[in-house]
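Novice: Note that the protein sequences, when read in sequence, are chains Z and E.
For the first sequence, position 225 matches number 225 in the numbering used here, and the numbering has no gaps at all.
For the second sequence, position 60 matches number 60 in the numbering used here, and the numbering has no gaps at all.
Note that these hints are calculated values from the structure, not bench results.
For every residue, glycine included, the Cβ atom is placed at its ideal position computed from N, Cα and C.
Misleading hints may appear alongside valid ones.
[To be verified] Which chain E residues face chain Z? A few, computed with CB under 8 Å, are given here:
#1 L37
#2 V62
#3 L67
#4 D97
#5 P152
#6 L159
#7 A170
#8 A173
#9 R175
#10 L202
#11 A206
[Said to hold, decoys possible] Pair ranges (Cβ atoms, derived):
#12 Z:M346 with E:L255: 17 to 23 Å
#13 Z:G347 with E:L240: 22 to 28 Å
#14 Z:R142 with E:P191: 20 to 26 Å
#15 E:E208 with Z:G135: 44 to 50 Å
#16 E:V168 with Z:T22: 29 to 35 Å
#17 E:Q98 with Z:Q184: 45 to 51 Å
#18 Z:L342 with E:A219: 54 to 60 Å
#19 E:R253 with Z:T343: 17 to 23 Å
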Amino acid sequence: MHMADALLSPAVGVTFWLASGTALAWSARKVRHDDRAHLVPLMGVLGAFVFAAMMINFTIPGTGSSGHIGGGLLLSILLGPHAALIVIASVLTVQALFFADGGILALGANIFNVGVCTCLVAYPLLYRPLLAFAGASPSPRRLGAITVLAAVVGLQLGALGVVTETQLSGISSLPLNTFLLLMQPIHLAIGLVEGVASAALILFMRQARPDLFATSVLASPVAPKRAPFPTRLIAGLGVLALLVAGVFSWFASVQPDGLQWSITRTTGHPELQTTESALHASLSAVQKKLALFVNYKFTLDAKPGTPDIATRSGADKVAKQVWPAVDAGTSLAGIIGGAATLTLVMGLGYLLRRRKARAAL
Amino acid sequence: MSSINTALRDFDSLDALATRPTRLSAIDPRAKILATLGFIITVVSFDRYVVAALLPFALFPVAMAGLGEISLRMIARKLLIASPFAVMVGLFNPWLDQKPVLQLLGYPIAGGWVSFASILIRFCLTVAAALVLVASTGFHQVCVGLRRLGLPQVFTTQLLFLHRYALVLAGEAGRMSLARELRSGSRGALPLAVFGSLLGHLLLRAMERAQRIYQAMVARGFDGELRSRQVLAWRGRDSLFLLVCWGGFLLARQLDVTHLLGLLLLGHLS
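Extracted from the complex, chain Z is given alone in its bound form:
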């Protein structure tokens, strides 16, 4: 489930690109100064492993469905959070470019939802403290529980990210509450499944390669620096919040329509008023329909705004203010023009191909 370009506005897409880009650049610097020499090929191969592992499913007991691992938590454990973020970002990039899963503009948002939420939030702020609390070698059950919890929290944050991005973009009409109620429980289930899968794998790995676990959890180069980590993260989040706020206000000023629309939504009209305006809507729509047939040519000639219709009655004027761009003339022209455009586009594409084929002969 990745965010798609189609649901994003440019302002939100670019903001999350900046946020994820900053996190990536910071991680890249950390990784460059990492003294584990074999890290570069290890990161590449583990990215490929996550990629392959997502194709193998296990059955969820009691249901007919199946699930797979998420990867972010596992990579953080094996590589450290910074290298893990880069690996996750690369996996998402390949998914976006080859499998059309997510999009190029949405990639920033996806890296944030999947990578930053798990590798830079859930892992350092939840998994590691809990593991430190559980002692040097926690029982399998305890390690499993910690893994599941961290996976669930990471995915909940990611789902919250998807909801936030969709809401800020305003392309989908889903109200915040409905969308939250849809996304969070679904991702609670997915998080549990992913957590259980990751736990199964991590427990196996601890048994097979305890050395690896000892080094990555207790003696990794990041471990001694654990104390200052949250403060830096909080500072980062603060910068991010400022950035979002700044861009959001810019977005608001660029598109007053969208803001107006959302304000009328959030101020919450009483029930009566909405039904009244709905009635109003259909009435003035009928009126418009009649008007369209009366002076059809006028509508065509005077394309923008169609002032003759708009000033016909006060009711129409109100209707105009409530809904932007109700213009029947534009609609008809749009439909006919649309068909013509698509025909032209396909024709041009065909021509380009034909010309090439002939040239090859």
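Since chain Z is already given, all that's left is putting chain E on it; use the hints.
Specialist: Frame of chain Z; chain E shown alone:
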């Protein structure tokens, strides 16, 4: 495990398309990346109720596919596979947003249907543009271009590694699954305990492989940087390509081409 094999074939085929010499593959990857970025940002910058004005933008992926000799059917199939999320989220629009914003043959059309159509068109355009970029350029070239555009080297190296070994490890995963299926007689998803050890063994092998790769690389003088033999050279036609693309996007963003065309046709009809 037909799904793994299909995915692998898809992965391979898209990249293989780029190895053929076409008019489009001669363009500098940076120009194509920048053009695609401009395209996507322009497409998503439209208001949520815009449908008709988006249609002219289909020319970009279609023309790129034409110049790059990429089958539109293959792109369409990938679009269909990837569509569920955008469709599911968009599908709520007609239901929630019932204000009429458009008249079609005298019937009011709810805003939700219009914005739903807009979401679907945006989805097709943006995803097709990304697919065409890879199919016409090749992933390796895209990475070289990204590096030259200033992405951190750690990241582009990681992308190249991932691309190189994803096929290897996915193939290994497919063979392990197949072996298990043949021995156990059960197909599809695994019981959790088997899943853990199967993936665990795959992971152990992957880590050993990384160690071998590292040793081989060090033996050949690896110093933390992957060097590419290809040198990118920005030529006049790359600037021209980028200018034409961006100019076209800007023009189609400012002028509602579809509407103008419709008016023209209506004028002739009446």
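Novice: What are the numbers of the hints that this structure violates, sorted from low to high?
Specialist: 9, 15 and 17
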